[in-house]
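Protein chains in written order, with the working numbering: chain E, 1 to 354; chain B, 1 to 303.
Treat each hint with caution, since some may be false.
Cross-link-like lysine-lysine pairs, in silico, DSBU-like; alpha carbons within 35 Å at most [said to hold, decoys possible]:
1. E:Lys17 - B:Lys58
2. B:Lys9 - E:Lys108
3. B:Lys246 - E:Lys136
4. E:Lys17 - E:Lys34
5. E:Lys264 - E:Lys236
6. B:Lys202 - E:Lys117
7. B:Lys100 - E:Lys34
8. E:Lys340 - E:Lys328
9. E:Lys136 - B:Lys67
10. E:Lys236 - E:Lys117
11. E:Lys266 - E:Lys285
12. B:Lys298 - E:Lys111
13. E:Lys58 - B:Lys298
14. B:Lys188 - E:Lys15
15. E:Lys136 - E:Lys63
16. E:Lys63 - B:Lys39
17. B:Lys298 - E:Lys63
18. E:Lys134 - E:Lys108
19. B:Lys230 - E:Lys108
20. B:Lys100 - E:Lys181
21. E:Lys326 - E:Lys181
22. E:Lys334 - E:Lys34
23. E:Lys17 - B:Lys298
24. E:Lys34 - E:Lys15
25. E:Lys111 - B:Lys100
26. B:Lys58 - E:Lys136
27. B:Lys58 - E:Lys108
28. E:Lys282 - E:Lys266
29. E:Lys236 - E:Lys340
30. E:Lys266 - E:Lys155
31. B:Lys188 - E:Lys155
32. E:Lys134 - B:Lys202
33. E:Lys334 - E:Lys282
Label pairs and their in silico Cβ distance ranges [claimed, not checked]:
34. B:Tyr132 - E:Phe12: 49 to 57 Å
35. B:Lys299 - E:Ser166: 50 to 58 Å
36. B:Pro215 - E:Glu69: 54 to 62 Å
37. B:Lys188 - E:Gly128: 15 to 23 Å
38. B:Ala17 - E:Ser166: 26 to 34 Å
39. E:Gly128 - B:Ala17: 54 to 62 Å
40. E:Asp16 - B:Phe110: 24 to 32 Å
Source of the hints: derived by calculation from the structure; they are not laboratory data. Computed from a predicted model, the values in this text were never measured in an experiment. Each residue gets a CB set at the ideal place from its N, CA and C atoms; glycine is no exception.
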Amino acid sequence: MEIKLQGLTKIFQAKDKTETVAVKDFDITIPSGKLIGLLGPSGCGKSTTLYMIAGLLKPNNGKIFFGDEDVTEMAPEDRGIGLVFQNYALYPHMTVKQNIMFPLENLKVPKAEAIIKAQEMADLVGIGDLMNRKPKQLSGGQQQRVAIARALVKKPRVLLLDEPLSNLDARLRLQTREEIKRIQIETGITTIFVTHDQEEAMSISDEIVLMESGVKMQVGEPQDVYDVPNNLFVAKFLGTPPINVFNGNIIDGEIHLNGAVIGKTKAPNQEVTIGIRPEGFKISKTADFELEISMVETIGRDTTLIINDKHETERSSRVIVDSSNKVKPGDKIKFTIKPKKLFLFNKETGEKIT
Amino acid sequence: MLENKNNLKAWLYLSPALLLLVVFTFYPLFNAFYLAFLKDFNFLLRTIEGYTLFGNFKIVINSPNFKQAMINTFVIVFVSVPISVMVALFVSVALNSIKKLQGVFQTIYFLPYVTNAIAVGMAFAFIFHQQYGLINTMLDWIGISPVNWVGTGATWSNAMFSLLVYTVWGGLAFKIMIFLSGLQSIDKQYYDAARIDATPRKRVFSRITVPLLSPMIMYIVITSFIGAFKAYSTVIGMFGPSLGPKGNERSLITFVALVYDALQHSGSIGAMSEAAAAAIILFLITLVFTLVQMQISKKRVHY
C-alpha cells in the first residue's frame with residue numbers, strides 16, 4: 001500500500017491560545033512494501049506525523065492517501081492500520097493469546113480460526129511458546145513482539161511503529177531491530193517507524209525521512225542521505241561519531257581551512273561552513289593541512305583522534321584512522337581530505353553548496 | 001542503631017492517635033465480645049449471674065424484630081449495592097468521556113457526599129409525599145394515580161422502594177468520585193489501541209475499562225457492602241425514630257437498629273449483652289461476606 005502525504009500540517013493549540021506548529025506542509029510518498037524510518041530529534045513532529053497517518057490525530061491541513069484512497073477524514077478503525085505504541089499498550093489483564101486475538105474478536109473472526117491466526121503471528125514474531133503469560137511476566141523485548149503480533153494479526157494495510165526500540169536495552173535493541181526488518185520482509189507490509197536514533201533508522205530502513213521542527217529535511221535511502229546531505233542539519237544528524245564542522249573560506253575555487261587548501265570547488269568566493277566526516281581524513285606526510293591531536297581513543301578496530309581546533313564551530317572534532325597508525329596526544333598530524341567526505345554549506349542558511 | 005532511634009520517635013508521634021484508638025475503638029471492640037457472653041449483666045450495679053455461650057445470641061435471634069431486621073438489611077444490601085455500583089460506574093464513564101463542563105458535573109454528582117444524610121432523608125421523604133411529592137406529580141403526568149409511598153399506612157414494599165431509591169442516590173457520590181479517579185489513571189493508549197482495532201464501545205467497556213478498573217470496583221463493592229449492612233441513618237432520615245411509615249411502625253427496622261433498640265433500655269438486666277450479641281452477629285455476617293468477596297476478587301481483579 002503506497003502512502004502519500006500532501007501538505008500535511010498539524011497545529012497544536014495550548015489553553016492560552018499559543019500555537020505550536022508540530023508538522024508543517026509535509027509532502028512525501030512512501031512506496032508500497034517498504035520499511036520507512038521517520039527520523040528526527042525529539043519534538044520534530046515525527047510521532048505527530050505517525051499518529052496522523054494512524055488517524056488518532058486530525059491534521060489541520062493537507063491530505064493523506066492510502067493508494068488512491070483519500071483517508072484524511074477516515075476514522076482510525078476504518079483505515080486498516082496496525083499500530084505499535086511506544087510502551088506497547090498491551091492489555092495487562094489479558095494473556096498474550098488474548099491480546100493478540102483481541103483485534104480479531106472485533107472483526108468477528110470465529111474463535112477457532114482466531115486461535116490459529118494468533119498462534120501463526122506469535123510464531124512469526126518468535127513468542128509462540130509464551131501464549132498463556134500475562135504481559136507483566138514478559139521481558140521488554142517479548143512485550144514488543146506481542147505488540148507487533150497484535151498489530152499484524154488482522155493483516156493491516158500499513159504497520160506503524162512508534163519508537164519501537166526505545167524501551168529496550170542496547171543488546172535487545174540490536175536484536176529486535178533485525179527482527180523488525182525480518183518480519184517486515186516476510187510479511188511485505190508497508191511499515192513506517194518513528195525513531196530519534198539515526199543508527200537504528202539507517203540500519204534497517206529502506207528509506208529514511210529526516211525531519212526537523214515539523215519540516216521534511218531529506219528523504220532517501222540511508223546511504224544516499226548520508227553520502228549526499230542536503231544541508232548542515234542532515235549532515236550533522238546522521239553518522240556516529242558526528243560530522244566535524246569547521247569555519248573556512250572559498251578563495252578562487254580552493255577550499256581554505258586552517259591556512260591550508262583542503263580541496264577544490266566551483267563555488268564562488270565566500271565564507272563557508274565545512275563539514276568533514278570522521279572517516280574523511282587520511283594521514284599524509286606531504287599534505288599542508290595540519291591538526292594537533294589532543295586525545296587518542298583506541299577501540300581496537302580503529303583509532304579515534306580527538307582534536308580541538310579554533311576553526312571548529314561547536315566542539316572537538318573526531319577523526320577516525322586505522323589503528324595501525326601510532327599517534328600520541330600532542331602530535332601534529334598532516335591530513336589530506338577525501339573529497340567525497342567533504343561538504344560545503346552556506347554559512348547563513350546551512351544549505352549545501354555544490 | 002539508627003533504626004531504634006527512629007522507632008522511638010515514631011512511637012512518640014503515633015501515641016496520641018493510638019491512645020484515642022485504644023480508648024474509643026479497641027477497648028469497646030473487645031469489650032463487646034466480653035459483654036456478649038455475660039449472663040444477666042446489670043449495667044448499673046455491674047453484677048452478673050455468670051457466663052453463657054449462646055444465651056444472649058438466642059435472645060437476639062428470638063426477639064420479635066430479628067427476622068424483619070434481617071430481611072430489611074439483606075434487601076438493602078443486595079438491592080442497593082449492586083444498583084448503586086452499576087449506576088456509579090456508568091455515570092463516571094460518561095462523566096469521564098465528556099470534556100466540556102466536566103468539573104461542573106463532577107461537583108453536582110459529588111454534592112450528596114457533603115450533605116447530611118438525615119437532611120437528605122427528609123428531603124426524600126418529601127419527594128415521595130403522597131400529595132405534594134415530585135414522584136407522584138410525575139406519575140400523574142403519565143396518568144398513574146398517586147401512590148402512598150411513605151405516608152400513613154404505606155405498605156412495606158412501597159416504603160422499602162422509597163428507602164432504596166434514597167440509599168442508592170446517597171451512595172452514588174463517593175463511588176463516582178473513586179471510579180472517576182480510577183478511570184483517569186487508566187493509560188489513554190489502551191483506548192487508542194482499542195480504537196485502532198475497531199473495538200465497539202460496549203466491548204471497550206466490558207473488556208478494557210471494567211478489568212482495568214477492577215481494583216477500584218472491588219474496593220467500592222466491599223466498602224459498600226459493609227456500609228449497607230450498617231444501614232440505619234437512612235431509615236431514620238426518611239422515617240424518623242419510628243423506623244417505618246405511620247401505621248406500619250418498625251417495618252423498616254435494620255440490624256443496627258436492633259442493636260440500638262437493645263441499648264435503649266440498657267438499664268434493664270441483660271440489655272447490654274443483647275446489644276453486644278446483636279453487634280457480633282452483624283460483624284460475623286459482614287465478615288463472611290467480605291471474605292467471600294475477597295476470594296472472588298482473587299480471580300476477577302487485575303492489579
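If you test the structure against every hint from before, which numbers come out violated?
1, 2, 3, 4, 7, 9, 10, 13, 15, 16, 17, 19, 20, 21, 22, 23, 24, 25, 26, 27, 30, 35, 36, 37, 38
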